[in-house]
Each structure stands twice: as C-alpha cells, then as structure tokens.
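Enquirer: As a plain string of letters, each chain reads:
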Amino acid sequence: MGKSKNSELSFGTNGSPQTKLTQNNVDKKAKELAKRNKMLAKLEEAEVKYTPADVIFVTKDKSEKLIWLEKGNEAVGLIHILKNHKNDFDKKYNANQDKIIKIIKSFITNGKLEYSIIRNIKGRDGYERMYSKKGKYYLLTGIGINGFIVSAYPIHEKEAKEMIKIKCKEEKK
Amino acid sequence: MKKQIVKIKLDYLQGPIWLSDISTGKPLTGIDIIDNDEKIRELNYKISEMFSSYYEFDSHDQACWFNYEQERKDKEKMLSLLKQLNDRLNEINDGSFKVKDLETERVKKLLHKHIN
Numbered sequence: 001m002g003k004s005k006n007s008e009l010s011f012g013t014n015g016s017p018q019t020k021l022t023q024n025n026v027d028k029k030a031k032e033l034a035k036r037n038k039m040l041a042k043l044e045e046a047e048v049k050y051t052p053a054d055v056i057f058v059t060k061d062k063s064e065k066l067i068w069l070e071k072g073n074e075a076v077g078l079i080h081i082l083k084n085h086k087n088d089f090d091k092k093y094n095a096n097q098d099k100i101i102k103i104i105k106s107f108i109t110n111g112k113l114e115y116s117i118i119r120n121i122k123g124r125d126g127y128e129r130m131y132s133k134k135g136k137y138y139l140l141t142g143i144g145i146n147g148f149i150v151s152a153y154p155i156h157e158k159e160a161k162e163m164i165k166i167k168c169k170e171e172k173k
Numbered sequence: 001m002k003k004q005i006v007k008i009k010l011d012y013l014q015g016p017i018w019l020s021d022i023s024t025g026k027p028l029t030g031i032d033i034i035d036n037d038e039k040i041r042e043l044n045y046k047i048s049e050m051f052s053s054y055y056e057f058d059s060h061d062q063a064c065w066f067n068y069e070q071e072r073k074d075k076e077k078m079l080s081l082l083k084q085l086n087d088r089l090n091e092i093n094d095g096s097f098k099v100k101d102l103e104t105e106r107v108k109k110l111l112h113k114h115i116n
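Just so you know, the protein sequences line up as chains A and B, in that order.
Numbering follows my numbering, with no gaps: position 142 of the first sequence is 142.
Numbering follows my numbering, with no gaps: position 61 of the second sequence is 61.
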C-alpha cells in the first residue's frame, strides 16, 4: 500500500494542521501577554501603587485620567462590585461577570463624563464620577484619587439626572 | 398603593440611604418626607462620612486599602447611628415606603479580628 503523503501527520510536520493550531495559540498568547504588559506599563509610568497580578483593565476616560480595575476584595475593586452590585448589573444589562467588566470599561473609556467631583473625607480625596451612554444609561463610580476603581454601579436615568442637576449647581458655586 | 423600597446600603462615597447626595447627606429617594428631613440628612451624612473614611489610597503598599480594624472599632458607634436612622425613618413613615436595611446585620456580624 505504501505510505500516503500525510503519513507523518501525527508527528506534526511543518505546515500540518496541528502545527498551525499550536502556532496560532502561541501567537495569541504572545499577543495577550504583550497587551497585558502594555497595560501594566501605563501604571508603571503613572507611578501608582498597583498589584500586577490583580489588574483587570487599565484605561483613560474623556478627561484623560488614568483609571484601572483590580480584582480587589470584598471592600474594593471587582470582588466588591460583584458582591454588592451584581444584581444591579444583571437587572439592567442581563450581565455575567465578564460582561460586567466590559460594561464598566466601556462606560469609562467611551462614555460621556457627566461630572467629576473630588470628595474630601477626613483629609483623603476620592472621585465621585458619573458616566453616561446614549443619554439614558448611567454608571456611578467611586474612584480613588490615584485612579483605582473602588466601586461602580448602574443607576436609573431619573436618579442620574437629579444628581447631575445638583452637581452642576455645585460646580458653578 | 405600592410602597417604594428605601434601601440602607453603604459604599465608598454613597449611601447609606440609597441614593444620596453625599456632599450634603441629602437623600435622593424622590420621597419628600425623607429627602427634606433634616435629622435624616444629618445622620445620613455622618454615617456616609464615617464609612468612606475607612478607604485609604496608596496606603499599606496597596492602591486602595480598607481599614477593617477601624471599622470594627467603630462598630457600636455605627450600629447606634444606623438605629437612629432607622428609628427616624420609622417615625416619619406615612405608609408610602418600606425600609430595606442591608447594613445593620452586616455591621453586627463584624468580628473582633478581621480574618483575611
């Protein structure tokens, strides 16, 4: 019968489907690693304290402020957001964990910054920032003065517009 | 008449009455008897400030560090303030709302020593 041209297939010869699949996976991982390193480099450059292994995303909002999300714990970051506001995201956007992360990142990166107010609590500053999309979806955030996302949650349009009205008056003072 | 739910919930720079203008403590429930009550505003502001003060940035080698120890030390004080807030809400309740307190039981359970 003799050997077919593809008789060496199981050994993954150059150009075989297995080699191509492995190479694609290696390329994909290399790209992901490069993307992650680029993301962490922004935090290095900003000279903020951060936990590299816990960083989920780094972005800038329309004010050019560098903002990032870490895994955190029950009081701060993603774990805190999921513990306290998963239902809010679920009701509004039918969102699972991955989708919640994307929603938060999208609001901050692409959304309109409705207001940003520095709150001084017993000598420590933090931001209350509200973002919106399409004039009817709103995300309220509590962000550290360093750009660390402590918390983020969707709020109703009516409540958001009331808060925006109050903040605009505050900013004019 | 369907009763509106008023949540008592704490987060960094928000609460306990959900939602509020934390610069003044004025609640934004849309219920006038709550939103215009001075005693509630004052309690709301005190509780919010106390809770948000537990957050420190670029501290203890972390981007954001929560002072669990201080929260535990303030446990009785916080419980007292939350009780005053609940009592006042109860006092002014004309039947148009129902309070859902998500904090008192959580604070009661705070242990003497935080377990990481």
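Among the hints, a few may not be true.
[Said to hold, decoys possible] Simulated coverage check for chain B against chain A, where a stretch passes if three residues somewhere in it have a Cβ under 8 Å from a Cβ of chain A:
hint	region
1	4 to 18
2	21 to 27
3	30 to 40
It should be emphasised that the hints constitute simulated quantities derived from the structure, not laboratory data.
Even for Gly, the Cβ is constructed at its ideal location relative to N, Cα and C.
Enquirer: Against each hint, give a clear statement of whether it holds in the structure.
Expert: Checked hints:
no.	hint	in the structure
1	4 to 18	holds (count 5)
2	21 to 27	holds (count 3)
3	30 to 40	violated (count 1)
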